[in-house]
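Numbering (numbering that gives the first Met the number 0), first residue to last: 0 to 383.
Just so you know, the hints here were simulated from the structure itself, not pulled from any lab data.
One should not assume that every hint holds.
Restricting the straight-line Cα-Cα distance to at most 30 Å, the calculated cross-link-like pairs of lysine-lysine (BS3-like) are [claimed, not checked]: (1) LYS213 / LYS6; (2) LYS26 / LYS90; (3) LYS179 / LYS6; (4) LYS102 / LYS88; (5) LYS381 / LYS336.
Simulated restraints on C-beta separations [unchecked claim]: (6) ASN126 / VAL71: 12 to 20 Å; (7) HIS80 / ASP334: 53 to 61 Å; (8) GLU67 / LYS26: 21 to 29 Å; (9) SER173 / HIS230: 30 to 38 Å; (10) PHE372 / SER69: 49 to 57 Å; (11) ASP206 / ARG8: 22 to 30 Å; (12) ASN349 / ALA103: 19 to 27 Å; (13) LYS26 / ASN362: 31 to 39 Å; (14) LEU136 / ASP326: 34 to 42 Å.
Using N, Cα and C, we set each Cβ at its ideal position, and we do this for glycine too.
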Amino acid sequence: MEPLASKIRPKSLDEFMGQEHLVGPDKPLRVAIQEKHLFSFILWGPPGVGKTTLAKIYARALDAELFELSAVSAGKADIKHIISHETEKSKVLFLDEIHRFNKAQQDFLLPYVETGELTLIGATTENPSFEVISPLLSRCRVFVLNELTKDDMLSIINRILNSPPYQGGARGGSVDQDAKDWLIAMANGDARAAISMLEATATLYKDITVANLKQALQSKHLRYDKKGEEHYNVISAFIKSMRASQPDAAIYYLARMVDAGEDPLFIARRMVIFASEDIGLAAPTALVVANAVFRSCETIGYPECAINLAHGVAYLCQCKKDRSSYDALRAAQADVKQHGNLPVPLNIRNAPTGLMKELGYGNGYEKYTDESFLPEELKNKKYL
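Between the sequences and the hints, there should be enough to build the whole structure, so can you do that?
Here it is in structure tokens:
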């Protein structure tokens, strides 16, 4: 059965809610549609804020043939199939989660975007500056989508409640304001999440109340959601298992994330941080290994990069742990916050000009000395 979110998806900018900085009067996407300007762009923003909807509206308005792929499961063969497809219309490729395409896949896509055979619309929750190769990024405009405001969410919910798909497909009972407020708070700016929660509750109860929402969502089997509580529970368990040097538990939680389709670069980033924060000076090579895992995930992608992740996790678990450099940084930051910008001792100041040398900058500096280079107020401080 088609989800409610798909049934009530806006088909024009006049129906679209939110992102006024992009679709309001005289704003870039509205102007592009009005002027029938076909170009490649990337939509960067959190889940459920309208990236897919805007791509569909854009392609429809420009009378282009829209091809939709998810970078999670698509590959070169899918792009070849689109290229070989014959059509008199312009081809627009909507690539969801474009950050999940590895470098080789993005390199393969590049020439088709360069020549205009494909107009690319990428959607991502990650910073495209880090996740999209420079040659491809340089050929795309980047539009930043903001988290939906409470007013945006309320407008969307009210639109749903008055829509024929909701009135006809659900029980069409009342929805009190407290229930709307609860939905908005729980969805946290994600319209798709709000619609899914509303739909799940409407299948069980005629009237939508806070109590009914809680009951319906408690009994509903919730998928691992990259923005939801279980996402944070699993990554927390993963890190704590590595910290406790429990490879079996760490590999298990890794498998949970991989099976749920978690971004491998998200997992690898946590491992790079862990290598410095929790292992640090006890095994400096841990950072090298974690970085190698990150690069492997970046280059290879799923499914094979899961092997690299497991390799790295097993290594990090077996390393001795030392948080001294992390603790030293936190202690130094506390002093900076408490004391502000204390004067740098004169003897270690930079002296690029004669005037600065006359003022004593750099005077008495010795390369190898036991004298503290800390500011006077912190002379006896020990961080490590």
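Holds or violated: are the alpha carbons of LYS213 and LYS6 at most 30 Å from each other?
-> Distance ~24 Å between LYS213 and LYS6 Cα, so the pair holds.
Given the hint of 49 to 57 Å, check if PHE372 and SER69 actually sit that far apart at their C-beta atoms.
-> holds (53 Å)
Has the hinted range 31 to 39 Å been met by the Cβ atoms of LYS26 and ASN362?
-> violated (58 Å)
Okay, HIS80 versus ASP334 on CB: inside 53 to 61 Å?
-> holds (60 Å)
Evaluate the given range 30 to 38 Å for the C-beta pair formed by SER173 and HIS230.
-> Given a distance of about 33 Å, which is inside 30 to 38 Å, the answer is holds.
For GLU67 and LYS26, compare the CB-CB distance with the range 21 to 29 Å and indicate the outcome.
-> holds (25 Å)
Between ASN126 and VAL71, does the beta-carbon spacing fit 12 to 20 Å?
-> holds (18 Å)
For the pair supplied as a hint, LYS179 and LYS6, confirm whether the alpha-carbon distance does not exceed 30 Å.
-> holds (20 Å)
Could you tell me whether the CB distance from LEU136 to ASP326 stays inside 34 to 42 Å?
-> holds (38 Å)
Does the alpha-carbon distance linking LYS381 and LYS336 stay inside the 30 Å limit?
-> holds (17 Å)
Does LYS102 pair with LYS88 here, judged by a C-alpha cut-off of 30 Å?
-> Roughly 29 Å between the alpha carbons, so the hint for LYS102 and LYS88 holds.
Regarding ASN349 and ALA103, is the given constraint of 19 to 27 Å on their beta-carbon distance met?
-> violated (45 Å)
Consistency with the previously given hints fails for numbers 12 and 13, ordered from lowest to highest.
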